[in-house]
Structure formats: C-alpha cells, structure tokens
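> Listed below, chain by chain, are the residues.
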Amino acid sequence: MSRNSLNTNPNKRDARKARPLNTTWHKWLGVLPFFAFALLFVVLPSVNILAGAFKTNEGKFTFKNLVGLLEPSILNAYWVTIKISLTTALGGGLLGFLMAYSVTVGKLPKPVRNLLMTFSGVASNFAGVPLAFAFIATLGRTGLFTVLLKNLFNIDLYAQGFNLYSFWGLSLTYMYFQFPLMVLIITPALDGLKEEWSEAASNLGATRAVYWRKVALPILTPSILGSMILLFGNSFGAYATAYSLTGGFINLITIVVGSQIKGDILYNPGLGYALAVGMVLVMAVMMTIYYYLRRRSERWLPK
Amino acid sequence: MAPEMKRGSFWSWLWVIIGALYFIIPLVSTFDFSLRAKKGELSFLAYTRVFMDVKFWDTLGFSLLIAIFTIVLSIILVVPTAYWIRLRLPQLRSIVEFISMLPYVIPAIVWVFGAIRTFSGAPFFLTNTYFGTYVLLVAGYVVLALPFVYRSIDVGLAAIDVKSLTEAAQSLGANWFTIMFQIILPNLKVAVLSSSFLTLAIVIGEYTIASFLVGIKGFGPYISMVGQNKTYESSSLAIISFLLTWGFMGLIQVFSRGKAEGTLAGAH
Amino acid sequence: MKRSILWVVSAVMILAMMLTACAKAPAGGEVASDDPLADLIKAAKEEGTLTVIALPRDWCNYGEAIDTFKTKYGITVNELNPDAGSADEIEAIKANKDNKGPQAPDVIDVGYGFGPQLIEESLVQPYKVSTWDSIPADSKDPDGYWYGDYYGVMAFEVNADVVSSVPQDWADLLKPEYKGQFALSGDPRASAQAQMSVYAAALYNGGSLDDVTPGLEFFKQINDAGNFVPVIAKQATVAKGETPIIMRWDYSALSDKDALAGNPNIEVVYPASGTIAGIYIQGISAYAPHPNAAKLWMEFLYSDEGQNIWLKGYCHPIRYEEMSTRGVIPADLAAKLPTFSGPIAFPSIDQINNAKQVIADNWMSVVGADVKE
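Chains as they are written, first to last, in the working numbering: chain A, 1 to 303; chain B, 1001 to 1268; chain C, 2001 to 2373.
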C-alpha cells in the first residue's frame, strides 16, 4: 500500500484515493452543524440588521441611512476606532507574544505558565465598567498610582501632560484585555515550535537570531497574524469600556452606534444599523488584507 | 550538546513580571477602594454586603450554568468543523473564518435586537417561553465566543499535523469517532482549555445580551445594577468576580491535568 | 304590637348582618377604594406576571414599589434591563411585537419628550387610571396614551469631603479652584440627564426655553477653564473624588447621599439662579403580554400609596399638589424633599425635543470637550 504520509505533496487527489470512505455527502456532513448554527444565529440576525439599515423609523425603505455614513463626524469615528484598534492590536500583540514566549520557549517553570494562562483568561474579559473604574482608580487624577508617584517620586503625571481620558489613556486601558487574549491564542502555536528544530538549527551553525528569523518566525507568522486580527476586531467592537472611561466623549464608532440605538436623544436605529454594516465592511477589508498576508506567509508550509 | 543557553531566563522573567505588574496594579487600586466602605478605616464591609445579597448567588449560579452549556456547545460545533476544514475542505476556510469574525463587528446590542426580532415571531417563537429564551441566550453566547473559540482551535490544529495523524489512525483502522475523541481532541487540549477559559469569562461578565433577554437574572446585569448605585460594593464585586472566574478556570485546569500530561504534540 | 317589634328586631338583625358582611368584604383589610378594581385585580392575578423594563431599584425608590406590588397582589414582576434608556425601552417594544414572552415589556417609563413618538408609532395603548383627574393637564395625553408620573429637578451633587467650598450657583462652576473637578452624568449626545444639564445652564446664563445655545457656550467656558472632566460620572467617581462635582437629578443625588451615608459627605445644591425640571411619563405597551397586570400596576403607582413611595425616593410625584391639599402626604416624607425657592423651569415637549436636537448636533463642535488624542 502506498503511504502518502508526511504529506508534503499538495496534490490533494492523491491523498483522497487512499481513503475509501470519501463520498461527497459525507464530506459536507462534518461541517453541516456549524453552518446550520451559523445560518440561524449569525447570518439571520445579520440579514435583519442589513435590512434595518435600509429602513426609516417608520419602516419605509430608504438609502438615507447609508448616505449618513459619509458624514465627516462618522467617517472620523471610523478612523479613530481603526486607529485605536491597530494601536492596541500591535501593542497588545507584542506584549502578549513576549509573555507567551517567556512561558513556552523561555522555559519558565510550569506553575508560572499555568498562572499566566488562567489569569489571562480572566483578564481578557475583564472589560467594561469594572476595568474603566480600575484604571480611573489607578491613573485618574486621584488614582492610587498617580498619587503614589506624586508623593514618593514627586512626579505629577497630569502636569506632565498625561491624561487618562485621552486616546492613549483609552489604549492603555484596552491593552489590559488585549495582551492576555494574545497570550491565550498564541501559546498553542508557540508550543508547536519543536525543540529539535532549534537544536537542528544551532547544529547547522545558526545563531538564535537566525533561527528566529528563518525558522521560528516564518512558522509562527500565520498564527501571529491571525491573533492580531482577532485583537483588532476585539478592540474595534469594544463599547462598554470606552463608554465608561471616556463617557462617549471620544468619537468611537461603537459609541456612535450606541447613541443612535440606545440613547434618549438621537434615536435613529436605521442609522445605527447602517453603522453596524459599515463596521462589518471595515472588518471585511481587514480580513482581506490578513488573508493576503497569510497566504504569502503560508506558501511554503506543508498543508 | 547544543549551545542552548539560559539566555532566555532573564528576558523571560522580565516580560512576565512586566505583564504581571500591568495586570495587578489596576486590581490593587480597585481592591484598595473596595476596602473603604467604612469611613476612615479599612474593612471588608463591602465584601460581606455582597456575599449576603441573595441576588449575588442566584445570578452567579444562573450565569455559570449558561456558561457551561455555551462551552460544551461551542466545542461540539467548532472542533469537528475546524478539523474538517483543514482536512478536506480548505476552500471553505475563508468563509468559515469570516463567519467566525462577524460576531466581533456586530455590536452585541445590535445582535440582540436582531435576534429578538428574528426569533420572537414565526416560525421560531423562541422567546415565548423562559426555556426558549435561555436557548437563545446560549446561542448568543456561542456566537459571541465564536471568534475566540474558532481562532484558538484553528491555531491549535495548525500546530499538529492533522493529515498525518488522521492517515496514521485510519491506516490502523480507526473510525471517525475514535479519531476525533482519542487522537484529535487530546492533542487540542491546550486550545480547548484556553477557549473554555475565554468562553467562561465572556459569559459570566456579559451584560448587553443578558440584560435584554433575561434582565436581572444574569450576573452581568447584576454587576451593572450594583455599579450604578453602590460605590464600594461595585468595587468589591469586581474583585470578587475576578477571583471567582479565576477560581473556575483553575478548576478546569485541575480537571484536565490528568489527561493533559503526555499528549502527543503531533507525530512527525 | 309584638309583631311589629318582631319585624323591627329582624330588620335590625338583618341590617347588622349586612353591615358585618360589608365590613369583611375588602380582602386583607385593604383600603375600600380597591373595590372598583376588583375585576381588574382578578384579571391581573390570572395573568400572574408583569414585565417591567428600565426601572433601577434605586431610581425613585422603584425597588420598594415593585416589592410592595408583588406582595400586595401576589403577581411576579420580571425586571428587564434596569439600565435601559428611553430609546432601549421603545426598541424593546418594537422588537417584541409578536412576542408574548418574558422579554416583551408591559409598561415603560420614558422621558417627557418621547410622548408624541409613542403615539405616532402606535407603541402604547390608552388607559386612564382612576385618579386620572388629579394628574395636571399639561403632564398627560388627553386620550390617555401616556401620563406623567414624577419629575426631578436638576442639582449639583458635591463630594463635600473633597470640595471644601461647595459651589452654590452656575457661575461658581467657572472658578479656578474647581480645576478638573466637574463632570456630567452622561453624554449630552445620548443621555437625557446630561442634556437637561446643558438646557438648565442655558436658561440661567443668557438663554431661554427656546434658545439653548448659551448652554453650550457655558459648558465651553467650563471646558476652557480646565474644570471639565470628560468622563461619565457616577456615584463611584464622585465618592472616589475623581469627579467631585456633578450635575444630576436631585432624586439621584439624594439617593446617592443616602447610599454613601457620609462616606463621603455629599451635599446636594440647587443652583441659586434657578434650575430645570424633568418629567417622566408612563405608558402601557400596545403589545403588552399582560395588559391587566399592566393596568393594575398603573393603578398602584397612581394611588396615594404609590405616589408616596416615589416621594420616599425623593421624586416629586405628579399628583403632589392634589395630594397635599387633601393632606394625605405624611409630614416626614414631605420634609424629606429639600425646599428650593428659586425658579424651576418646566419646558414643553416641543421645547425639549428642539433643545435635544440642538445640543446633540452642536455639542462636539461648540464645546469641543472631546477626549484629546
């Protein structure tokens, strides 16, 4: 029997011949539950939202909401949200990667790793009102850390120009749940880096830097990219934290959506839905960029 | 012997310590504030008040139960799918990834209204009963957790050679169930665990979907309610829910430890 | 003669029996005025549940209102989304039109300005409570679709432990000693409370009920002076000292004061030049799954008992004037409401909706109190 194991041959047809069970319907059965679920609970409500984008308050068809997307303050909102998402995806991604590296390849003791993993799980979802207040209590004008710096080291953060209620303050707060998320997602990939590879590389005379540049990072890049897109999306859709910290005074798209749908004043849900559609479009663009980058990085990997 | 150095140690510790400080300092501030319920002295009054509140226990129990169902359903849906996509249907990968990312960009509030509209009428009538509403709640959380769960599992699968494992198992006569439960899942232990962590944390703290579907029965809405009007209790509650979630995750880790050791990280 | 005595005695006995029977009739010794509602109570009890939305327990003492209603009539109350804003409540009605399940709200409590919209979009059904006539005419829809329930008055809530000299009037907010200390309780582009703060500022800083732009200018001045903190203030941020001076409805401020119980000390101050009142209105959803329970709830809220429960929560119940002329307000409750002799403006629905639009459209450009990059 010909064994096509260690299948570096991308010719899928060969692989299939070795498996007698491969009837077509059987192949699709495996993904049916997922698609059924997705259809019901992801696609249907999304279609509802899409339809809602074209309706006025009374329910009549209109393009007005989509046109409303082009208003400068709304375009600005998209831009600011994209900026903060990129910032925290990169910042959080980097710190998260370094921490995940430390407990996997860096061979810190197992208890440290377990602690980090569980803590990351909790922290990655510690968002919204409690997180905002935690940062106010730390870095606000009367925050613990601010006061400590002033009393111990005579550094007045706010006199230096720092302000928690700013883009950077919000980014700092966002990163609290971004980098644990990175840790959680990237750790399995780092686990997959074989020791034998680094040993083999050094046997062939490669320094660690070369090993990383030519072996480890290329292998990890698809996963890193995938994780960063996740971080981007996480930040892009964040609402409660931003609202609690900057009180809607920062022009983020989720807050604009919120004020259309939830608030006491503006109340134009059609526009809110149109804004949500816009958000999906932005994510679609990011995903496309991601796919392109990933395809390039996966070119040589065995499939 | 490879010139494998201890070089990693200093930097590894450094990054972990920096990360740890980042984690801990805001928590310390919250904790400090929560101790000030009694004027001028530090006390655990805010904590006792929370623990004595019946609603705390009720809502916590409710959300925990929902979380368990969500985790189980997520794993059942995602693992076979991601596995199949990698193995047989790579052309579907882009679609599945896009679907799994959609929940990210649909703000929860938009989803919940869309879902109520979709499922309250014909032919579903899901929201006419409490049970149906809970089903919708679990579905909503599975959707919410989908990006994380899918990404975790996908990354985990990337780290093991799915094709070889499957072929090897099949050539030894294994059927699909055996492959899934005895080969693939054990190798995905870490990924499954981390996605379970994420799902648990998401469900326990989630506010928007819970508040519109089940109101103050959920833990998230309970936290928000306390946060509006009880200053010190809201801080103590934040610390408590943090510790609780952490505890639950520790439990998950303990339970899985027996099987976690000695996993094949992929046969090559 | 004996026969007539017999007749008289029998008549007296029958009369006595009737009187005792009548005395026992009201269940549990309740006020006899429940009798006209007996059918409604029965129908409501059959429905068994009431679904409410957007009623935080600490807002106007709704917690006590809900609990009293529950024990009095044995009807379960399903509390949805206590933090919902008026728009959330409206959206909840719309989204649940075909749904008789537990997410469909039976009754809503929204801002005054939403009245016309409720009627236009057929979201509520008409109902006139038995005390209808004692509700002031300008606070209700003549056909009974919506009706004012209580109002609050805009005030300063000040953390007196952090702020040594408490501001007494609008102009004080501009003083340099309050640098980085003043905040609003919401985003003026989305929150009615924050909007009314700006509206109130307009009235006493050069504007009028129809001209709200001076309010925006006033906040611009506060921001330029460096006194404004762009964060949504809540009880916690006031207590922490991060936002020691905020503007809120007096009932929220007073209930914060109670909740904090001196830790820290809170002072509630009405700006001396004058302030504004905000009315909230009630309505029964046109698609209410439990219409009778909803009607009973309204009867309860508009009864003297219900109105006094709101008074306990520092809200000004809408029937206050009428109730005080009849003397049914307990003296200690009446004493709880702080007195204010300055001007209190009551804008009309059109004026409110107009002001809303102007503030929402111009807050960012005029005040520019956006979070800096």
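Any given hint could turn out to be false.
Derived, one-sided and incomplete: chain C residues facing chain B with beta-carbon distance under 10 angstroms [said to hold, decoys possible]:
hint : residue
1    : Glu2047
2    : Thr2051
3    : Ala2092
4    : Ala2095
5    : Lys2100
6    : Ile2119
7    : Lys2179
8    : Lys2234
9    : Gln2235
10   : Ala2239
11   : Asp2256
12   : Ala2261
13   : Glu2267
14   : Ile2329
15   : Pro2330
16   : Ala2334
What the hints contain is simulated information worked out from the structure, not anything from laboratory work.
Treat the numbers as computed from the prediction; the structure is a model and nothing was measured.
We treat Cβ as the ideally placed atom computed from N, Cα and C, and that holds for glycine.
> Would you mind marking each hint as holding or not holding in the structure?
Results for each hint:
| no. | hint | result |
| --- | --- | --- |
| 1 | Glu2047 | violated, 15 angstroms |
| 2 | Thr2051 | holds, 8 angstroms |
| 3 | Ala2092 | holds, 7 angstroms |
| 4 | Ala2095 | holds, 4 angstroms |
| 5 | Lys2100 | holds, 6 angstroms |
| 6 | Ile2119 | violated, 22 angstroms |
| 7 | Lys2179 | violated, 23 angstroms |
| 8 | Lys2234 | holds, 7 angstroms |
| 9 | Gln2235 | holds, 5 angstroms |
| 10 | Ala2239 | holds, 4 angstroms |
| 11 | Asp2256 | holds, 7 angstroms |
| 12 | Ala2261 | holds, 9 angstroms |
| 13 | Glu2267 | violated, 16 angstroms |
| 14 | Ile2329 | violated, 25 angstroms |
| 15 | Pro2330 | violated, 25 angstroms |
| 16 | Ala2334 | violated, 24 angstroms |
Comparing the model with each earlier hint shows violations of hints 1, 6, 7, 13, 14, 15, 16; every other hint is respected.
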